[in-house]
Amino acid sequence: MNTNVATAGEFNRIVRFLIHELKPRGPWLTTFNVISIPVIVAGLVILCFRFIYGLGSVTNLTQEHPWGLWLGFDVVTGVALAGGAYVITFVVYVMRVDKYQSIVRITVLNGLLAYMFYGGALLFDLGRPWNAMNPFIGNSFGFASVLFLICWHFALYMVAAFVEFSPVIAEWLNLEKARKFLKSLALGTVILGVTLSLLHQSGLGALFLMAMPKIHPLWWSQFTPVLFFVSSIYAGLSMIIFEGTVSHGVFKNLLTPKGHHSFDDMVFGLAKGAAITMFVYYVFKALLFIHEKQWDLINTSWGYWYLLEVLGFVLVPAFMFAFGHKHRSLNIIKTAAVIALLGVILNRLNVSIICFQWYEPVRYYPSWQEITVTLMVIFSEIWIFRWVVTRMPVFSSEH
Amino acid sequence: MDSFTYVNIFETKGLEYLLLLSFWALFVYLVRYLSKPAKKRTEER
Amino acid sequence: MDRRGFLKTTLVAGTAALAGDDLGALELRHPEEFVGVLVDTTRCIGCRACEVACGETHDLFVPDVINDGALATPRKTSERQYTVVNKYETEQGDIFVKRQCMHCHQAACATACPTEAMHKTLKGPVTWDGDKCIGCRFCMISCPFDVPKFEYNEWNPKLVKCTMCFERQEKGLKPACVSACPTDALQFGVQVDNLEIARHRIYAHPDKYVHQIYGEHEAGGTGWLYLSAVPFDQIGFRTDLGRTPYPEYTREFLYAVPAILFGVPAFLLGLNALADHDKPTGGMGSEFLTGDEEAER
Chain A
4 MNTNVATAGE FNRIVRFLIH ELKPRGPWLT TFNVISIPVI VAGLVILCFR FIYGLGSVTN
64 LTQEHPWGLW LGFDVVTGVA LAGGAYVITF VVYVMRVDKY QSIVRITVLN GLLAYMFYGG
124 ALLFDLGRPW NAMNPFIGNS FGFASVLFLI CWHFALYMVA AFVEFSPVIA EWLNLEKARK
184 FLKSLALGTV ILGVTLSLLH QSGLGALFLM AMPKIHPLWW SQFTPVLFFV SSIYAGLSMI
244 IFEGTVSHGV FKNLLTPKGH HSFDDMVFGL AKGAAITMFV YYVFKALLFI HEKQWDLINT
304 SWGYWYLLEV LGFVLVPAFM FAFGHKHRSL NIIKTAAVIA LLGVILNRLN VSIICFQWYE
364 PVRYYPSWQE ITVTLMVIFS EIWIFRWVVT RMPVFSSEH
Chain B
69 MDSFTYVNIF ETKGLEYLLL LSFWALFVYL VRYLSKPAKK RTEER
Chain C
5 MDRRGFLKTT LVAGTAALAG DDLGALELRH PEEFVGVLVD TTRCIGCRAC EVACGETHDL
65 FVPDVINDGA LATPRKTSER QYTVVNKYET EQGDIFVKRQ CMHCHQAACA TACPTEAMHK
125 TLKGPVTWDG DKCIGCRFCM ISCPFDVPKF EYNEWNPKLV KCTMCFERQE KGLKPACVSA
185 CPTDALQFGV QVDNLEIARH RIYAHPDKYV HQIYGEHEAG GTGWLYLSAV PFDQIGFRTD
245 LGRTPYPEYT REFLYAVPAI LFGVPAFLLG LNALADHDKP TGGMGSEFLT GDEEAER
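Residue numbers (this note's numbering), protein chains in the order written: chain A, 4 to 402; chain B, 69 to 113; chain C, 5 to 301.
Just so you know, these hints were derived from the structure itself, not from any lab. Heads up, the beta-carbon is just placed ideally off N, CA and C, and yes, glycines get one too. Careful, some of the hints might be misleading.
[What the hints assert, rightly or not] Chain B is nowhere near these chain A residues, computed Cβ spacing over 10 Å in every case:
id, residue
1, K26
2, F146
3, W175
[Said to hold, decoys possible] In silico BS3-like cross-links for lysine-lysine, where the CA-CA straight-line distance does not exceed 27 Å:
id, chain 1, residue 1, chain 2, residue 2
4, B, K104, A, K183
5, B, K104, A, K180
6, A, K337, A, K255
7, C, K162, C, K80
8, A, K102, A, K296
9, C, K162, C, K175
Next up, chain A with everything else stripped away, as it sits in the complex:
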């Protein structure tokens, strides 16, 4: 009886706390709000049209280009950029490198939100989203499908990332017992999360294996899954550097001075990792190029586009990371991170959209509605991110 009363009291406390926390804080008229609110509203209106009149009413998708910006950018690219979470949890929890301890929480949060929003964006793109549970509930398992695998891995990974992040929520709600229990799950969920990430990052590449005759030969290879996995590592590392830099600027007041200082040290370490991974990725690309004897294809406009991606957006930032690490230059590293991120975006868009059906005379360009909805997804993710970091102990490291 007593325990019941205690539990009820605890429950009431949490509900009152949540209601209090849900209230907005801080000034309303910030630049970000002024830009993002209209975009989110417009995006929601566009989505209404999309669900009433069909995908064709707001997108430029055609029978030749069934996957456009919502899939090629939101899902295929967004997931690659969220790779930081599995890389950093691997380093900290599996390899026990304590140096990066203080950015684990923020990175896992970023990864979790990215999966929720970019994976969630898949629902707008599905033609029959009310059937979206079909791959899960067991009436029709397409075991042979790469997409089936990705659906499951997304779902499981979100659970794993949520459990990885949940001690922070428990700490925020002041639930000490739950926090201890959830923390004890950490290594298990991290190992699960890293394994699942390995498979769905490469799985996104495997989606395009059967599209062999439709993708330009410079971008199609049996090893696309491996390439996608390797590039997701440096995409994740670059994203940590990029996001860390931005949030250290924006959320300065939430940081302890010590935290700020050690972030620079971490950036140098991350840059080293990124330089090595990018170089490996570049050599892999070169190996495939030689093995497939693709030199005839280089002296075409597609060949120049390929060279731009591989040299300009992989090799150059790889050297910049290495140089920045050697000469302790944060600015060079941060620039390299931006270029590397653009390179990953370019690569994913090339494989999924730009070089898909490259011989078709009619090209696909995203419509303004597609771009607005994509921005809506990004902005609403930032809104949730901001809400979480200003309330939960995300920037402080574990104690």
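Got chain A sorted already, so can you dock chains B and C onto it with the hints?
Using the frame of chain A, we list chains B and C on its own:
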């Protein structure tokens, strides 16, 4: 003469995933089992 | 071809011609084997009766074949039409080619589908089930022949493609297009027999046909086979698709998945055990797996 009948090269996928799930379920217990008794024995000695 | 095979072929060709809509005789011969259609483009006169029959059978768009002048430019199948007939001007004169789903033996679309909505039936036709489909359009990405089409302007869109009239076949009827064809350019039957008929025609008229049966090997073999008087790339077919069945391209990846899923966690746990345990780890939480929660606290 060739014949043309249904071929599914992924026929066993479902079973493979079932095997996997049972592996995971057992694996956690295996690791726990392997790490616990070793400690107790050192305590006894 | 041996004598028996030859006799069988002529017999099959004969029964098929006589049988009309009834295909009982054909089904009994090889009840367990794939059915398909042999298209002899040298016999096609471009009347487009198949397009009309298809549209009427499946409640789709029925073209006005006399007035619409659609043969002027090659078309693709669309969300309104399972099948189209195209005209190609070649050195052998105008050649008409009916296009529709090829019904691959190992269908890329059916392999790609995460819910088995695209389904390769045991009899050969590839069908689509709207209750299962989530509309991801991965089948469209994967199909080497670009066949599945999507209704972009519907709130409840369907994936549209030829089903080889699976429902009619269940009732013992031929596909509507085959029944409608006035010149026997379309020949419905068991795949083995269709191949024999096709080979027989090539051997019997070596100057009339190119010595290739499109669909015999393309993409690992397809249910629809084509004969032509000119090389196939001149009449709108892709000849660079290869002989590998498309599901084979994802075979290695999908085989690796279970291996990685049990191998990598074990490997990671091993790495974790190798990493320095003496360092203060800030509550890394290996307690769950190792079960020594109390010991660490």
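Index of numbered hints that the structure contradicts, given in increasing order: Hints 2, 8 contradicted; others consistent.
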